[in-house]
Amino acid sequence: MAVLKIKYTKTERAKQKKILKVSQRMLPLFEAMEKSLMGTINTIAERIESIKEAIEMNRNHASPWIAILSDSWVDITSYISVKEIITKPVDVAGVRVYQFEKVDFDVAPISEDTPLWVDDAIELMKDQLQLLAEIKVLLLQIELLEEELLEVRARIKLFENRRIPMAKTAIRKISQKLQDDERLMIATAKVVKTKLIEEVQP
Amino acid sequence: MSNLIYLITSLPSLSFGQPPPLSFDQFYLDAKEQLSNKDFETLHKIDLQLFDPEKFSALKEFFPYMEALKWEMNNLREARKNDRTPTLLSLPKNMLDQNPLEREKTIMKWQWDLLSDLDMTDPFSLKVVFVYKLKLQILHRLHSFNPSKGLEILEVVVNPPKKEKEI
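Chains as they are written, first to last, in my numbering: chain R, 247 to 448; chain V, 265 to 431.
Derived from the structure by calculation, the hints contain no laboratory data. What you are looking at is a predicted structure, and each value in this text was computed from that prediction instead of being measured. Among the hints, a few may not be true.
Claimed, not checked - Here are the simulated lysine-lysine pairs, DSSO-like style, with alpha carbons at most 27 Å apart:
| id | chain 1 | residue 1 | chain 2 | residue 2 |
| --- | --- | --- | --- | --- |
| 1 | R | Lys334 | R | Lys263 |
| 2 | V | Lys357 | V | Lys309 |
| 3 | R | Lys267 | R | Lys256 |
| 4 | V | Lys334 | R | Lys372 |
| 5 | V | Lys413 | V | Lys373 |
| 6 | R | Lys403 | R | Lys251 |
| 7 | R | Lys329 | R | Lys281 |
| 8 | V | Lys413 | R | Lys372 |
| 9 | R | Lys419 | R | Lys267 |
| 10 | V | Lys413 | R | Lys298 |
| 11 | V | Lys413 | V | Lys324 |
| 12 | R | Lys382 | V | Lys413 |
| 13 | V | Lys397 | R | Lys329 |
| 14 | R | Lys372 | V | Lys345 |
| 15 | R | Lys348 | V | Lys391 |
| 16 | R | Lys263 | R | Lys414 |
| 17 | R | Lys403 | R | Lys281 |
| 18 | R | Lys372 | R | Lys334 |
| 19 | V | Lys357 | V | Lys296 |
| 20 | V | Lys296 | V | Lys391 |
| 21 | V | Lys334 | V | Lys397 |
| 22 | R | Lys329 | V | Lys413 |
| 23 | V | Lys309 | V | Lys399 |
| 24 | R | Lys298 | R | Lys251 |
Unchecked claim - Distance ranges between label pairs, derived from CB positions:
| id | chain 1 | residue 1 | chain 2 | residue 2 | range |
| --- | --- | --- | --- | --- | --- |
| 25 | R | Glu393 | V | Glu419 | 26 to 34 Å |
| 26 | V | Ala343 | R | Ser309 | 23 to 31 Å |
| 27 | V | Trp335 | R | Asp337 | 28 to 36 Å |
| 28 | V | Asn339 | R | Glu393 | 38 to 46 Å |
| 29 | R | Lys334 | V | Asp361 | 40 to 48 Å |
| 30 | R | Glu397 | V | Asn346 | 31 to 39 Å |
Cβ coordinates follow ideal geometry from the N, Cα and C atoms, glycine included.
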């Protein structure tokens with residue numbers, strides 16, 4: 247631990263008292279922020295889990311007909327791809343993150359000769375790609391929120407382990423020193439006074 | 265003519281739902297040996313996916329069915345788009361309740377049955393070889409439906425491999 251360099255003055259004590267007051271007021275605020283961030287991260291994680299379940303459900307729903315995707319007459323992979331994931335900036339627990347809006351797809355035109363199943367496959371793929379894009383955006387949100395959480399925790403640690411104890415120690419030491427100085431001053435004054443009286447009354 | 269008879273009699277029989285008994289390479293090899301260049305070229309061009317009645321007069325009676333299929337498919341797509349119940353005129357009605365795989369198989373069986381019902385007064389005509397090729401196409405397509413491959417393809421589209429960053 248770094249050695250405390252303290253100026254033993256009343257001004258310094260007032261300064262340290264101010265630091266202590268502000269720190270004690272800020273600490274619960276950061277603790278509330280930590281709680282809020284953790285809660286938000288948990289909510290997002292739960293949303294990701296529910297999306298994963300939806301993806302699995304879609305897959306199970308399609309499994310009786312998934313074999314058609316390997317149709318030698320159709321290259322379904324050339325029909326659909328993600329053009330852009332559209333998001334909008336929002337503030338979540340005081341952090342600027344991006345919220346999922348929708349996915350813009352590049353979908354190849356379907357001709358009258360295209361087998362009917364291609365329509366179903368495109369719908370399935372759109373659903374799955376949309377859900378996966380939402381997960382991607384939510385994971386990015388978690389990443390940003392976790393960065394903020396780390397900073398908030400660092401601040402809490404700073405207040406709990408350094409600022410508050412150091413201010414308390416400084417105030418105690420300065421008070422002690424000032425008290426000692428005062429006592430010394432009184433004692434000196436008494437000695438001076440006694441000496442002066444002795445000189446006046448030989 | 266004797267070559268054609270030889271070819272027709274030497275071809276293995278085809279049945280819907282069974283794996284194709286020969287590859288297209290083998291089929292073309294056999295056909296090329298027994299058919300004239302002109303007939304082989306026609307056979308090579310004939311395709312269930314790109315059916316052109318102008319080019320294949322031998323199968324002109326099959327063309328209206330292919331047109332009907334296109335019309336029905338268009339009708340089904342329109343009905344889906346407008347959220348209404350479609351009415352089927354030539355395709356089997358039960359396909360409306362089927363999943364995409366069963367539906368496609370129903371359409372293929374419908375095509376298969378139509379090809380089987382074509383007038384084959386002369387059992388050793390070129391038309392028999394043409395029909396054989398179209399049926400073989402149906403079997404090969406049917407055989408390509410594979411659940412594991414289908415799942416792999418879905419994964420490729422849904423989770424495309426990330427492109428490596430260029431250095």
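Structure-inconsistent hints, enumerated in ascending order = Violated hints (numbers, rising): 1, 2, 7, 11, 13, 15, 19, 24, 27, 28 and 30; every other hint is consistent with the structure.
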